[in-house]
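Peer 1: Next come the chains, spelled out residue by residue.
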Amino acid sequence: MAVREILLYPDRRLKEVCAPAQPPQLESVGADLVDTMGSIGHCSGIAAPQLGELVRVVAVDVSEHPKAESSNGLLVLGNPRVVEAEGSEVGREGCLSLPDLTANVRRATRIVVEHTAGEVRCEGFEARCVLHEIDHLDGVLFLDRVESLVDDVFRRRSYGEEPEPQGR
Amino acid sequence: MSGGPTYYAVSAIGRDRPGIVAAISRVLLDVDGNIEDSQMSILRGHFAVMLIVAVPESKRSELQSGLEAVRAELGLEAMAVNEVEQLDRGEEPTHVLSVYGADHPGIVHTVSEALADRGANITDVQTKLSGAGESPVYVMLIEIAVSGEVEQLREALAAVGEEAGLDVSLRELGAEAL
Numbered sequence: 001m002a003v004r005e006i007l008l009y010p011d012r013r014l015k016e017v018c019a020p021a022q023p024p025q026l027e028s029v030g031a032d033l034v035d036t037m038g039s040i041g042h043c044s045g046i047a048a049p050q051l052g053e054l055v056r057v058v059a060v061d062v063s064e065h066p067k068a069e070s071s072n073g074l075l076v077l078g079n080p081r082v083v084e085a086e087g088s089e090v091g092r093e094g095c096l097s098l099p100d101l102t103a104n105v106r107r108a109t110r111i112v113v114e115h116t117a118g119e120v121r122c123e124g125f126e127a128r129c130v131l132h133e134i135d136h137l138d139g140v141l142f143l144d145r146v147e148s149l150v151d152d153v154f155r156r157r158s159y160g161e162e163p164e165p166q167g168r
Numbered sequence: 001m002s003g004g005p006t007y008y009a010v011s012a013i014g015r016d017r018p019g020i021v022a023a024i025s026r027v028l029l030d031v032d033g034n035i036e037d038s039q040m041s042i043l044r045g046h047f048a049v050m051l052i053v054a055v056p057e058s059k060r061s062e063l064q065s066g067l068e069a070v071r072a073e074l075g076l077e078a079m080a081v082n083e084v085e086q087l088d089r090g091e092e093p094t095h096v097l098s099v100y101g102a103d104h105p106g107i108v109h110t111v112s113e114a115l116a117d118r119g120a121n122i123t124d125v126q127t128k129l130s131g132a133g134e135s136p137v138y139v140m141l142i143e144i145a146v147s148g149e150v151e152q153l154r155e156a157l158a159a160v161g162e163e164a165g166l167d168v169s170l171r172e173l174g175a176e177a178l
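Heads up: the sequence lines are chains F and B, in that order.
The numbering used here puts the last residue of the first sequence at 168; the count rises by one with no breaks.
The numbering used here puts the last residue of the second sequence at 178; the count rises by one with no breaks.
Treat the hints loosely; a few may be bogus.
[What the hints assert, rightly or not] Calculated pairs, SDA-like style, for lysine to any residue (alpha carbon to alpha carbon, straight line, at most 25 Å):
1) F:15 to B:173
2) F:15 to B:127
3) B:128 to F:13
4) F:15 to B:115
5) B:128 to F:152
6) B:128 to F:151
7) F:15 to F:40
8) F:15 to B:69
9) F:15 to B:126
10) B:59 to B:69
11) B:59 to B:26
12) F:15 to B:160
13) F:67 to B:164
14) F:15 to B:159
15) B:128 to F:139
16) F:15 to B:143
17) B:59 to F:67
18) F:15 to B:171
19) F:15 to B:151
20) B:128 to B:164
21) F:15 to F:106
22) F:15 to B:90
23) B:59 to F:152
24) F:15 to B:91
25) F:15 to F:104
26) F:15 to B:165
27) F:67 to F:106
28) F:67 to B:114
29) B:59 to F:15
30) F:15 to B:26
31) B:128 to F:155
32) B:128 to F:67
33) F:15 to B:170
[As the list claims (entries may be wrong)] The following residues of chain B were derived to be distant from chain F, with all beta-carbon distances above 12 Å:
34) 6
35) 25
36) 77
37) 81
38) 114
39) 119
40) 143
None of these hints come from the bench; they were simulated from the model.
Even glycine gets a Cβ: it sits at the ideal position worked out from N, Cα and C.
The following block holds chain F by itself, in its conformation from the complex:
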C-alpha cells in the first residue's frame, strides 16, 4: 500500500488499452489507488493507468462530494464493464492527468457495471465518475469526448479555486 505519483499527459501509458487484472494485482493496485485517491483532497476517482499500472482497476468514492445525490461508498472495481447505460447529461469534469483543463462531457446518467466481485448500479455524479475512470482503462481522455474547445474546454485556474470541476 502506498501513495503513488500521478502520471501526467503526454505520458504514453495514459493512452494504452489496459490488460485484464488478475487477483493479486487487483488487491495491490486497488490498495494503491485508494491510498493515492485519499491523499488528494478533491479526488473522487482514479484509474490504474494514472499510476502507470496498465491493468483494469479503478477506484471511485463520491460519498463526500456535494454533487453526489447517491453513493455506493468506496468502490474498487476490477475489470469493470458497463452492461447497461441510460440517460444523457452534460457535466463538468477534470482529470488529475490533465491538471490544467476542465471540460463539459456528455455521459449516461444511470449505469450498471459488472466487475470481478459482482455488479454495481450507479446514478448521476457517481455514474459520471465511474464512466470517466473506465475510459482511462481504454486510453480515452475527456479530450476525446468534447466537441468544441471554445464551448466545452476550460483552463483551470488552480486546484481548489474553482468549485465546479472535480479532480479525477
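Once you've looked at the hints, dock chain B against the given chain F.
Peer 2: Below, chain B without anything else, positioned relative to chain F:
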C-alpha cells in the same frame, strides 16, 4: 442593375479593449448594413473580428471611410474591407476530430494536410496551448465535412498521429457516445 445589397468581408484585429465591437457595429448601422455571419474572439490578448455584412451599394465609400476612422481612433492593428460574392452557407460539418499531444511545430499543418489530401473540408478549427513549463500540451479540435470513406480517413489520421506523436480521435458530430 439590381437594387440588392453588396456583400463585404470585414476583418479587424487589435489589442483587446472595451468598445471594439460597439464602434464597428455603429459604423455598420449608420450605413444601413446588416451583419449576416460573424466570428469575434480574443486570441492571446488581441481581439479578432470577422464579419460578412450586407450594405447598400450607395454606401460603399461611407462604409470604408467609417471603418478606417474606427481603426485610427481605436489604434487597431488591422482593418480590411473587401467586396465578396454572395454565397450559400457552405458545407455543414459531419465529424469532429480531437488532436492533442506534446507541443511541437507543425501540428496544425500535418493534420490539415492529411485532411486536404483526402478531400475532407475543414469547417472550423480551434486550438489551445495548455499546461505549464516544461511539457506544454497542444489541443486542437477540427470540425470537418467528410464526403468520402470515413474509415479510410480514420486510418490515415491514425497513421499521421502515430508518426507525429499526436493522439487523434475522429467522431461523428452530435453522435451520443455512451
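Peer 1: Each hint should be assessed against the structure and marked as holding or not.
Peer 2: Outcome of the hint check:
1. At roughly 22 Å between alpha-carbon atoms, residue 15 of chain F and residue 173 of chain B fall within 25 Å of each other, so this suggested pair holds.
2. Restraint check for residue 15 of chain F and residue 127 of chain B: satisfied, since their Cα atoms lie roughly 21 Å apart, inside the 25 Å limit.
3. In summary, the hint linking residue 128 of chain B to residue 13 of chain F is supported, as the alpha carbons are separated by about 23 Å, within the 25 Å threshold.
4. Between the alpha carbons of residue 15 of chain F and residue 115 of chain B the distance comes to roughly 23 Å, so the proposed pair stays at or under 25 Å and holds.
5. For a cut-off of 25 Å, the pair hint linking residue 128 of chain B to residue 152 of chain F stands: about 12 Å separates their Cα positions.
6. In summary, the hint linking residue 128 of chain B to residue 151 of chain F is supported, as the alpha carbons are separated by about 12 Å, within the 25 Å threshold.
7. Taking the CA atoms of residue 15 of chain F and residue 40 of chain F, the gap is about 23 Å. The hint holds against a cut of 25 Å.
8. At most 25 Å may separate the alpha-carbon atoms for a hinted pair to count; residue 15 of chain F and residue 69 of chain B exceed this at roughly 53 Å.
9. Of the pairs offered as hints, the one joining residue 15 of chain F and residue 126 of chain B holds, with about 22 Å between alpha carbons and a cut-off of 25 Å not exceeded.
10. Among the hinted pairs, residue 59 of chain B with residue 69 of chain B is consistent with the structure: their alpha-carbon atoms are about 15 Å apart, no more than 25 Å.
11. Taking the CA atoms of residue 59 of chain B and residue 26 of chain B, the gap is near 14 Å; set against the 25 Å cutoff, the hint holds.
12. This hinted pair checks out: residue 15 of chain F and residue 160 of chain B have alpha carbons roughly 16 Å apart, not beyond 25 Å.
13. For the hint pairing residue 67 of chain F with residue 164 of chain B, the CA-to-CA distance comes to about 40 Å; that exceeds 25 Å, so the pair is violated.
14. Annotation: proposed proximity of residue 15 of chain F to residue 159 of chain B holds, straight-line Cα distance about 15 Å (limit 25 Å).
15. Annotation: proposed proximity of residue 128 of chain B to residue 139 of chain F holds, straight-line Cα distance about 21 Å (limit 25 Å).
16. With a CA separation close to 23 Å, the supplied pair residue 15 of chain F and residue 143 of chain B stays within the 25 Å bound.
17. A hinted pair counts as satisfied when its Cα atoms are at most 25 Å apart, and residue 59 of chain B with residue 67 of chain F does not qualify at roughly 56 Å.
18. Among the hinted pairs, residue 15 of chain F with residue 171 of chain B is consistent with the structure: their alpha-carbon atoms are about 17 Å apart, no more than 25 Å.
19. Annotation: proposed proximity of residue 15 of chain F to residue 151 of chain B holds, straight-line Cα distance about 21 Å (limit 25 Å).
20. For the suggested pair residue 128 of chain B and residue 164 of chain B, the alpha carbons sit about 18 Å apart, so the restraint of at most 25 Å is met.
21. Taking the CA atoms of residue 15 of chain F and residue 106 of chain F, the gap is near 20 Å; set against the 25 Å cutoff, the hint holds.
22. At most 25 Å may separate the alpha-carbon atoms for a hinted pair to count; residue 15 of chain F and residue 90 of chain B exceed this at roughly 36 Å.
23. Restraint check for residue 59 of chain B and residue 152 of chain F: not satisfied, since their Cα atoms lie roughly 40 Å apart, outside the 25 Å limit.
24. Simply put, residue 15 of chain F and residue 91 of chain B have alpha-carbon atoms about 33 Å apart, too far for the 25 Å limit, and the pair is violated.
25. Using a Cα cut-off of 25 Å, the hinted pair residue 15 of chain F and residue 104 of chain F holds, with the two alpha carbons roughly 20 Å apart.
26. A hinted pair counts as satisfied when its Cα atoms are at most 25 Å apart, and residue 15 of chain F with residue 165 of chain B qualifies at roughly 12 Å.
27. Distance restraint check for residue 67 of chain F and residue 106 of chain F: the Cα-Cα separation of roughly 16 Å lies within the 25 Å cut-off, and the hinted pair is therefore satisfied.
28. For the hint pairing residue 67 of chain F with residue 114 of chain B, the CA-to-CA distance comes to about 43 Å; that exceeds 25 Å, so the pair is violated.
29. Under the criterion of a C-alpha separation no larger than 25 Å, the hint pairing residue 59 of chain B with residue 15 of chain F is inconsistent with the structure, at around 57 Å.
30. With a C-alpha separation of about 50 Å, the suggested pair residue 15 of chain F and residue 26 of chain B falls outside the 25 Å cut-off, and the hint is violated.
31. For a cut-off of 25 Å, the pair hint linking residue 128 of chain B to residue 155 of chain F stands: about 9 Å separates their Cα positions.
32. Distance restraint check for residue 128 of chain B and residue 67 of chain F: the Cα-Cα separation of roughly 29 Å exceeds the 25 Å cut-off, and the hinted pair is therefore not satisfied.
33. A threshold of 25 Å between alpha carbons decides the hint, and for residue 15 of chain F with residue 170 of chain B the separation of about 15 Å falls inside it, so the pair holds.
34. Every Cβ of chain F is farther than 12 Å from the Cβ of residue 6 of chain B; the closest lies at roughly 31 Å, confirming the non-interface assignment.
35. At roughly 21 Å, the least C-beta separation between residue 25 of chain B and chain F is larger than 12 Å, which holds for a residue marked as non-interface.
36. Look at residue 77 of chain B: its CB is around 22 Å from the nearest CB on chain F, clear of 12 Å, so calling it non-interface holds up.
37. Residue placement check: residue 81 of chain B keeps its beta carbon more than 12 Å from all beta carbons of chain F (closest about 26 Å).
38. Chain F leaves residue 114 of chain B outside its interface by the beta-carbon criterion, the shortest separation being 18 Å against a cut-off of 12 Å.
39. Here residue 119 of chain B stays apart from chain F, with its beta-carbon at least about 22 Å from theirs, past the 12 Å limit.
40. Its beta-carbon lying about 8 Å from the closest one in chain F, residue 143 of chain B breaks the requirement of being farther than 12 Å from that chain.
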